[in-house]
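Chemist: The primary structure of each chain is shown beneath.
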Amino acid sequence: MGSNKNIYKPLRAKLTEVIDESPLIKTFKLVPEEEFAFKTGQFIELSVDGIGEAPFTPSSSPQITDKLEVTVMKTGYMTEFMHNLKPGAYMGIRGPYGRGYPVEKFFGKEVLILGGGCGFAPIRSLLYNLIAVSDKLRKVTLCYGSKTPEDCIYKPYISVLRNTPKFEVLRSVDKATGNWNERVGVVTILLDDVKVDIKNSLAVVCGPPVMMKFGTMKLLEMGYPEHDIYLSMEKNMSCGLGKCGHCMMGKYFVCKDGPVFTYDEIKDQPNIWD
Amino acid sequence: MQYRSIKKEEWDQVLEKLLISHIVYANVADEYGQDYELLRSSDISKISYNKPKPATSLKSFFLPVKENVTSETRPDKPRIIIGVPNCDVEGLSLLDEIYLDKDFEDHFYRIRRENTLLISSDCFGIQEHCHCLTYNIRPYSLSKSDVAVISIDGSIIFRVISEKGEEFLKTIPGAMPLNDKSIILGIEKKQKDTESLLTEANKGLPDYKKTGGIVAEAKREVWEKYSARCVSCGACATICPTCTCFLLIDKPGFEKVKQLDACQYPGFERVAGGEDSLFKLHNRFRNRYMCKYVWKPEKFSSLACTGCGRCIEACIGKINKNELFREFA
Chain A
1 MGSNKNIYKP LRAKLTEVID ESPLIKTFKL VPEEEFAFKT GQFIELSVDG
51 IGEAPFTPSS SPQITDKLEV TVMKTGYMTE FMHNLKPGAY MGIRGPYGRG
101 YPVEKFFGKE VLILGGGCGF APIRSLLYNL IAVSDKLRKV TLCYGSKTPE
151 DCIYKPYISV LRNTPKFEVL RSVDKATGNW NERVGVVTIL LDDVKVDIKN
201 SLAVVCGPPV MMKFGTMKLL EMGYPEHDIY LSMEKNMSCG LGKCGHCMMG
251 KYFVCKDGPV FTYDEIKDQP NIWD
Chain B
1001 MQYRSIKKEE WDQVLEKLLI SHIVYANVAD EYGQDYELLR SSDISKISYN
1051 KPKPATSLKS FFLPVKENVT SETRPDKPRI IIGVPNCDVE GLSLLDEIYL
1101 DKDFEDHFYR IRRENTLLIS SDCFGIQEHC HCLTYNIRPY SLSKSDVAVI
1151 SIDGSIIFRV ISEKGEEFLK TIPGAMPLND KSIILGIEKK QKDTESLLTE
1201 ANKGLPDYKK TGGIVAEAKR EVWEKYSARC VSCGACATIC PTCTCFLLID
1251 KPGFEKVKQL DACQYPGFER VAGGEDSLFK LHNRFRNRYM CKYVWKPEKF
1301 SSLACTGCGR CIEACIGKIN KNELFREFA
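Residue numbers (the numbering used here), protein chains in the order written: chain A, 1 to 274; chain B, 1001 to 1329.
Hints are not guaranteed to be accurate.
[As the list claims (entries may be wrong)] Once the Cα atoms are required to be at most 30 Å apart in a straight line, the calculated DSSO-like pairs of lysine-lysine come out as:
(1) A:K5 with B:K1299
(2) A:K251 with B:K1007
(3) B:K1251 with A:K256
(4) A:K86 with B:K1251
(5) B:K1051 with A:K256
(6) B:K1189 with A:K39
(7) B:K1008 with A:K267
(8) B:K1102 with A:K251
(9) B:K1219 with A:K213
(10) B:K1299 with A:K256
(11) B:K1077 with A:K267
(12) A:K86 with A:K147
(13) B:K1077 with A:K5
(14) A:K267 with B:K1210
Don't read these hints as lab results, they were simulated from the structure.
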């Protein structure tokens, strides 16, 4: 006899604050009604009551278990409703689900992180985690790209990172406006500026599919082995439980076997960049 | 294996009593064909024993087409399903792997499984598209169901399969141990005859593993050709004993309704940003074949196609997967 725990039932969480990160991206601070622990890179199914549910990776520190933050771009039906929510509203949380970043494998190494757009959300959670274990890391380099300076998210956190020993931040925008004084161009151009000891390094990529594709290709060109490139994959995860079939990527359920995969694990699967 | 026997009239009286204490479903034949039906007293004589196969599969007894999965589970009367062909019994193995997964057990599914006694039925004879044996599934159950039933010469013979089945038969005083070897030999002869029919009907049809190779190697032109008459109705997936993809739909009060879905429907893999790797019809069509014969076998130990042939019968475009497999065998 198994337990009668209901795997489909969400935990209620109170929305306490909404932060505008960019014209299309907001961060939602949530306090779940029960303690909620996750590992960095794992995702949750977040629901707007009666409207819909979608997968998001928390952008907050995995060391904090009484509240969490989720950064969401307004993209579709559910996220549009979400962007209209005000503090005090309740949301539903299921999870955490899947396999996150294997942080212990990063020990003793340089970590090169390539992020784009709202892909910074899972990366910020990873960075919180990496700062906490920075004595075990050699160096962390974040290359982050967005469309315009206005689309750059977590601006205060960028300053924090730039003042943290062993951490370096390079940024690019597709189109510069105002007094932007960092790089202009697609995010992969930042990799030309990176000084990294590839043999003692690994790479993490998270962002829109097209950026993930070209980022991975560039990292391979640079000499990163396929098993040292960690990708956070995005599919239409509906249940998060390895059952509903919506996130199948070849033999993998992205929700259960991922969402973090190394490139060598998934390179032969179909439609990985779609 | 142990066998027990009871007179047919006596068994029918047992069924009358079981209708009071249990919810009983059976493979019932009427003028429209045969299918699993909630058994009524007047239909006991219409139970179809040893004839393949109910029109629909067994899965919806355990995975309803639509259910609220945030509601409390209510204890039901114990349930008995009579006349289950072995293709349907074997189909449950994959469902068990997915829904009884130790990480995320679906307790709705488990409670229904525990609450159900499966009385399988040996198939004596085949239907046009039956091809279980091609995938190494025998047309009679020796495991995974609880009891197998055989109707022969005015008697009902039970083959005892599980402990649960043995306990059930102990509650039927008239079911006496069968020691007449000639009857058992007669049953085995009928089983072999059915196997011969299946072998003969499916000559040239590749086995499961070889089918996986054919599907994996098939080029885009093959999928375009075979999907030309597909209208994405999803009947193949809906009727399949092992297709169980679903969608969770949100209702007010953080309630969730789980509804059967199918990768054949447009938008199945579409994400909020608009990307949809199964946008094209031939990609969706191929997806189901890849899932059944290539991907699921890499991940699970149970078969994702039991050779029941229902997808061929249900297709309004008259698409026959076995024609594709034969073409490339």
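Chemist: Each hint needs a verdict: does it hold in this structure or not?
Modeler: Consistency of the hints with the structure:
1. With a C-alpha separation of about 25 Å, the suggested pair A:K5 and B:K1299 falls inside the 30 Å cut-off, and the hint holds.
2. Annotation: proposed proximity of A:K251 to B:K1007 is violated, straight-line Cα distance about 50 Å (limit 30 Å).
3. For the given pair, B:K1251 sits about 25 Å from A:K256 by alpha-carbon distance, which is consistent with the 30 Å threshold.
4. Restraint check for A:K86 and B:K1251: the C-alpha separation of about 20 Å stays at or below 30 Å, so the hint holds.
5. Distance check on the hinted pair: B:K1051 and A:K256 sit about 41 Å apart at the alpha-carbon level, beyond 30 Å; violated.
6. Taking the CA atoms of B:K1189 and A:K39, the gap is near 59 Å; set against the 30 Å cutoff, the hint is violated.
7. Between B:K1008 and A:K267, the direct Cα distance comes to roughly 60 Å. Violation of the 30 Å bound is thereby established for this hinted pair.
8. Using a Cα cut-off of 30 Å, the hinted pair B:K1102 and A:K251 holds, with the two alpha carbons roughly 19 Å apart.
9. Pair hint B:K1219 plus A:K213 holds up; C-alpha atoms about 24 Å apart against a cutoff of 30 Å.
10. Taken as a hint, the B:K1299 and A:K256 pair is honoured in the structure, with Cα atoms around 12 Å apart against an allowance of 30 Å.
11. At roughly 50 Å between alpha-carbon atoms, B:K1077 and A:K267 are farther apart than 30 Å, so this suggested pair is violated.
12. Restraint check for A:K86 and A:K147: the C-alpha separation of about 27 Å stays at or below 30 Å, so the hint holds.
13. With a CA separation close to 21 Å, the supplied pair B:K1077 and A:K5 stays within the 30 Å bound.
14. Between A:K267 and B:K1210, the direct Cα distance comes to roughly 24 Å. Compliance with the 30 Å bound is thereby established for this hinted pair.
In the structure shown, a violation is registered for the earlier hints numbered 2, 5, 6, 7 and 11, in ascending order.
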